[in-house]
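Colleague: From first to last, the protein sequence lines are chains V, P and U.
Mapping of the first sequence onto our numbering: residues 6 to 325, in sequence order.
Mapping of the second sequence onto our numbering: residues 1465 to 1782, in sequence order.
Mapping of the third sequence onto our numbering: residues 48 to 371, in sequence order.
The set of hints was computed from the structure by calculation and includes no laboratory data.
There could be a bad hint or two in this list.
[To be verified] Simulated crosslink set (DSSO-like; lysine-lysine; CA at most 30 Å straight-line):
(1) V:Lys14 - P:Lys1588
(2) U:Lys154 - V:Lys67
(3) V:Lys60 - V:Lys78
(4) U:Lys154 - V:Lys78
(5) P:Lys1653 - P:Lys1588
The structure displayed is predicted, hence computed values, not measured ones.
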Amino acid sequence: MRGADYLLKRTAFAIVTVFIAVSINFVLFRLAPGSAVSNLSRVPHATQETRNALKQQFGLDKSRGEQYVLYLKQLVHGNFGVSFANSQPVAENLRTAIANTLPMVLLGTLFAIIVGTFTGVIAAWRRGTGAEGATVTSALAFYSMPTHWLGLMLVILFAGVLPTGGMTDDFLINPSWWTHVQDVLKHMILPSLTLGLVLFGEYTLIVRSAMLETLGEDYILTARAKGLKPWAIVRKHALRNAMLPIATLVALSLGYIVAGAILVETVFSWPGIGRAVYDAVLARDYPMLQGAFLVLTVSVVFFNLVADLLYFRLDPRITQ
Amino acid sequence: MSIVINEPGLIAEPEPIRSRGGILWDTIRRRPSATIGATILSLIVVGAALAPWIAPYDLHEQVGPPFGAPSWQHPLGLDDGGVDMVTLLMWGARISLVVGFAATLVSMLIGGTIGVVAGYFGGKVDGILMRITDYFLVIPDVPLMIVVAAIWGPSLFHIVIVIGILLWTSTARVIRAQVKSVRERVYVKRARALGAGHVRIVMRHVLPQVAPLLIANTVLTIAVAVFDETALAFLGLGDPSRISLGKVIENAFQRAAISAGAWWAIVPPGVLVALLILSCSLLGQALEDALNPRLRVAHVSARGFRLRPLVGRNADAV
Amino acid sequence: MSALLETEDLQVWFDLPRGGTLHAVQGISLGLERGERLGLVGESGCGKTTTALALMGLLPASATVSGRVLLNGIDILRGAEETMRPHRWVDLSMVFQGAMNAFNPVKTVGSQIVEVLELHHRAAGRAARVRTGELLAAVGIPDDRAGRYPHEFSGGMRQRAAIAMALACNPSVLIADEPTTALDVMVQAQILELLDALCRDFGLALLLVTHDLPIVAQLCDRAAVMYAGELVEHGSVDTLFHAPRHPYTRLLFAATPDLHGDGLPASIPGAPPRLDRQNEGCPFRPRCDRAFARCVDERPLLRTVAPEHGAACHLNDVAAEVAH
């Protein structure tokens, strides 16, 4: 199979990175100074029995090496510890949080990709004209705004028109499924828009630069010589090729999306994994913080791998 | 001295950069985006640096009610503690800039060193260093920063280190590429052939060529460092004893400035941060473009070539 | 009978990024007859590639063009892109410098040839694929290669595929810009033979743009020499080699390494003039070994010095005066 070793290499790389992230997690939390952090049995309001049970479970009386092995075993079983804040298993909390975050982030990212690609292509196509200047300037402006500040701006602008906090309306009692969905979607608009606007800025610049690079390639001149009309050249040749660098750079921006999600969820009190991180920091809920960090890191690694595979699919030149 | 007729494909080797400041200064003067970026950045830096002398009020002085509205004496209003916003912004900019510069310095040192070593020595060393860089790249910055800041406590020093440790990767890559190309240049090979030691070659030949690009990359890194500091401050992980622009925004958020309708507590600090990031991005990008020109003629664009009515050969054309 | 392809006073200016213009082509008037092979030669930067591109209107938005390009007597330049596009590939087609990159790397070679066939309504679907196979076979590429990607072809094969693609719509003129540069010697010979055979078999007129004089000698009947955007001499290849009437032509052909001769190739000291400013006098004067007073401020015009032979040099006037 073509490029089997490329796929293998990238997958191996992803696995090793996850492993490194997992280890960093262990080092940061278990080996950090102060038993508040490393002592996972210190769940507030727990009985002494619970504490002993937890101590045993996490091997907190054993040596560091043994703790590490135990830690890895438990991760594999999905045991992330118990949250200090609500005394629930961290894994459960994380599951709910992720389910809340995904649709919001996806909506925003989709918006950014669609609008960003459109404006990026226009900017490259109309190089040297006012349209290019305007799109680049607005993209740069949005790109430079701190995500959370932009969120606050939108709150100021749309307060009263759109819901600005939480994921659901607390006053809706036993809503029908459809009403519930509508409610959630209404609440999702502002946070997704915030994330989307900042990302759109970055994507416009990426797409524009990828298109400009592509439009200078020799085969574009050949396409023109063959008698293709300009827009047909863009559609059939340039876009297809520009997808390659665009895909790579979008993947690289994933780390940013994670940061953006944290900030946006904090501003809009969206009960997702970003807000979970924020709450965990405030409450010094270390098990939650540890779990959330791990989940975030693994998802970035995962999506980077997906991007690698996508690139592999798009570019027939990759064989090793 | 005779010159053989040029063959196409013979690329002249670029002249070694003689004056270090020359090309940077040149770009700033010539390219509008660089000029704008440099101007805004200088204004902010100067304003922040001179804050102790030119700030209109004292930083801790309450001159009115919490969230006092803008007026002639206080064009940007007051914050939740009744402190003048203009003063706050100037002092806040100081800390934001300090963190930005310091973190960038850390990142530049790490990234620059790794880039030079990897690019210069190549081979196995390069492979290992790039592997490490790749791993660092994939781990998302902000969550790691949050975790480290949460565990080790928020102090200016910790924040600077944490940000710096995560930003070096792009610098390392860019520098490595540049060093690799410089290493192949004729005068470097000559120096090696003459027996010059590695350190000497790096110091005398490689670094001067790499320095402008390093500076361009540094400016871009400052933009990211400032953003990261703002984010950390917003999440409550900033140094509580110092006021940075991020902290100003966070304060406003925490004290429900929006419900109080006090937009002046939120909009100006954000605008200032955005301007700071924007100016660094403009300047850094323009410098990088100037040093690494990937200028290409677009073979296709919305406008086509122009036709001029026939002009006689001996007429005064153009 | 009008020539198949002619230019009249073709001029091209490029906008410079810092303002001002570069006068890349300064009044080229050429003629190409049906089935004729013309070599357009000169050093790099002399404007020959720009001239070739201008013939098909393939210039970027930063270019300004004036003059006429006559195809069978009709000026196709008069409407810029709109009047030039209909003739691309069906009347005039081109093989580019470094055909390595003439193909889009993410599409198969075959699909890109099919694209031309379908675009110009020569064939569609299955018929187009069959025809593609025939075209590739004509240049010596087995047709099972059509489904491969450009990077899977060697440089020589890619060039041949580019030639096959160029002939897909039966043009009457083929423009080849440096078709053999960056290929190794053995492959060069093959490509030249191929071009020779194809032009003969299909009755194509060939415009060969190159700095490589031996291949002009091999393939072309006539040649035109460009310097600093101007045409300085044109005539049959034989005449230019043995009895040139312009110092540049003489030095150019003398600089060609000669298999039979001894000694190193002579080189011409100096460099061509800058084209972003108006220049006085003969552009070649600073490097000319026969320059005299008149060359300093009077520009020599292209004059007929013999049947089918023109040159732009004051020395010819002197000779003519002396002859009187």
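Colleague: Check the hint pairing Lys154 (chain U) with Lys78 (chain V) against an upper bound of 30 Å on the C-alpha distance.
Modeller: violated (47 Å)
Colleague: Starting from Lys1653 (chain P), check that the Cα of Lys1588 (chain P) is at most 30 Å away, please.
Modeller: holds (21 Å)
Colleague: Do the alpha carbons of Lys154 (chain U) and Lys67 (chain V) lie within 30 Å of each other, as the hint requires?
Modeller: violated (60 Å)
Colleague: Would you mind confirming whether the straight-line C-alpha gap from Lys60 (chain V) to Lys78 (chain V) stays at or under 30 Å?
Modeller: Holds, because 16 Å separates the two Cα atoms, which is no more than 30 Å.
Colleague: Would the hint linking Lys14 (chain V) and Lys1588 (chain P) be met if the CA-CA limit is 30 Å?
Modeller: holds (18 Å)
Violated hints for the displayed structure, listed by number in ascending order: 2, 4.
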